[in-house]
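Chemist: Sequence:
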Amino acid sequence: MIGLCLLVGVGYAALLYSAKAPWSRAVNYALAAVRFAVVSFLCFLLLSPFLKSTTTSTEKPTVVLALDNSQSVALFTPPPVLQQATAGLTRLAETLRQKGFTVETRTLAATRAARPDSVRFGAPATDLDGLLAGIGETMQGRNLAGVVLLSDGLVNQGQAPEFADYRFPLYAVGVGDTIPKKDLSLPALSYNRVAFSGNQFPLEAELAYDGYAAGTTATVQLRENGRVLQTKRVALPAGQRRVKTTFLLTATGTGKRRYEVRAEPLPGEFTLLNNAKFAYLDVVKGKLRVLLAGAAPHPDLKALRAAIQQNNNFDLITYLPGISPLKNQDFDVAILHQLPARSGVGAEVLAQVAARRAPALYVLGAQSDFGAYNRLGTGLTVQPRGSQTDDVTPVPNPGFSRFTFEEDALRRFSEYPPVPVPFGEARLSGGAEAALWQQVGRVATQKPLLVFGGTPARRQATLLTEGSWQWRLQEAVEHDDRPEAYDRLVLRTLQLLTQNANRKRLDVYPTQDAFNSSDDVTFGAETYNAIFERTYGEPVTLTLTDEQQKTRTFTFAPTPDGAPVHLGELPAGLYRYQARATLGGQAQQDAGEVLVQEQQLEALQSRADHNLLAQLARRGGQRLYFPAQLDQLTQDIEKAGYKPVIYEQEDLKDLINLKWLFFLLLTLVTAEWATRKYSGGV
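This note's numbering applies: residue 713 is where the sequence shown begins, and numbers increase by one.
30 Å max Cα-Cα, derived DSSO-like pairs, lysine-lysine:
#1 K1355 <-> K764
#2 K764 <-> K1365
#3 K997 <-> K1216
#4 K956 <-> K893
#5 K1262 <-> K968
#6 K968 <-> K944
#7 K944 <-> K893
#8 K997 <-> K1039
#9 K999 <-> K1216
#10 K968 <-> K997
#11 K764 <-> K1371
#12 K1014 <-> K997
#13 K956 <-> K968
#14 K1351 <-> K772
#15 K1216 <-> K1262
#16 K811 <-> K1355
#17 K1039 <-> K1014
#18 K811 <-> K772
#19 K1389 <-> K1371
#20 K956 <-> K894
#21 K772 <-> K1355
#22 K732 <-> K1389
#23 K1014 <-> K999
#24 K1014 <-> K1159
#25 K1216 <-> K968
#26 K894 <-> K944
#27 K968 <-> K999
#28 K999 <-> K1039
If you're looking for bench data, these hints aren't it; they were derived computationally from the structure.
Please put together the full structure from these sequences, using the hints given.
Modeler: Structure, rendered in structure tokens:
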């Protein structure tokens, strides 16, 4: 093909320059050569030629120094030994870099440190699997020679590393102390997080001990606000390492309570950091009474009943017209299944709900009287078109913030079978919000499926399907008889309906029941105008007061996106808060409590677990080292013969895309034209 291109070029040049020309023979030959080159090369470009280039790069072997910078390492490793270890790792890094290695330093927080001897050991928990698995992920596809892990082997968070598979050589360096020490600790408290006012509840404390002879007795106290409530003397049996004791308390009042269980120090104890633990309880008024009423027997009623009975905080009352009698008894919230009904049944229960102004969840279906329902003022108006229905599945509304859906719940929702809803028009009004939208097939619509509305004095919700029993049944089949997403949806709906009626124009609340001392404490806030419409942008002042009467003040303004207020980390304790704002020229305030729990995870175990480190090292064909053996570790890494990896990358580039060729051809054509013009040619 190249010969044909050259032949075309020769023919074109001969045809053009074979006739007598007004310029010299030398110029004629030169012009013919230019025309031959241009035409031949243009024909060659029509064949789509390309250039093949090869780029070679070299990646040095990388060694990652993974440091367990948890508090237990600093607490239970003698300072000279820990300093020897970090200094030895720093020398190891410098030596390996001189030998052609790349060395990186990582800590538990997945951050990189400049030098091992600059790391501070203050992490509140140890997740070795998170550290090692994170290194494996970030170094995937790179020339990872190995990981040097400095740790005491104590793990209190994440997956157990002995059951994980790390696809790189692991060199373990053991610190800490494996010799048992005299110590008494409180590793765990067992109790119910919610207690009902006036009821007795047990609080079980587990004591762990080491190094004490048979017959030793420990004194354990239960305190509240520094006041001793109960004292127990517990014998520490020989041949055991743990023993339990139980306190029996009576819940008084309502609100959040913090109890301290403290073991009095024994002679010769190594540390007192693990001698106390806190229990955090929410004392509530009593169980919430739920009225479950239906127009007729239905599988939904059984599914709702099963979901409610999963939670001990609810008492259930059921009513079916003509089957179970309606007693004139008190209830806090009602579930009205297809009530009001077209047949008129259930009028007496509707009258009781209206008389008590009780919050209610309406479940709409084929027997519902939509005209009567639309007059209830739930914030939703439904205009069905005959008896037609749509088959839909639930889709969470991302703008709904009154409660959240877990990732697991979202996955389970996507597995739910379609259920019937009235076909027609459904309009929201009066500040009502949809928690769930309807999805028809694969199309997510803006039609509501679960709606929260009503007034601040009487909250109401509506579920637009009588087929939710299928969701619970499907979830139970697919997830080992654990329909958790459905049950959580029902319970959270009832909890939201039974929250204290919000007659306040300023509502400030913690986003969790309790925070840990390492958490970012966050608050939500809502402000309303005189007719209880949401407003935004008004400044709110929040004052936190701890148990020592120390105050912290924060100022913020609620935003339309519902973003929480971040207060940062707070010391453990029970905080009382007061919020103030001026809304429409009137001063408003709100108050409450928030708990911050202290977790002394790193002080619970003082005995290092070097067996774990040796096991991890042996799995990769290596062994356990100690701080005095770091020079030997350096030599072993050098002897392992890790080599740089050479990568070759081929690049194919079409010749026609080279810009300089265009300008070269343009220059040749221009030179030919200028020469002909200058020499008198046409």
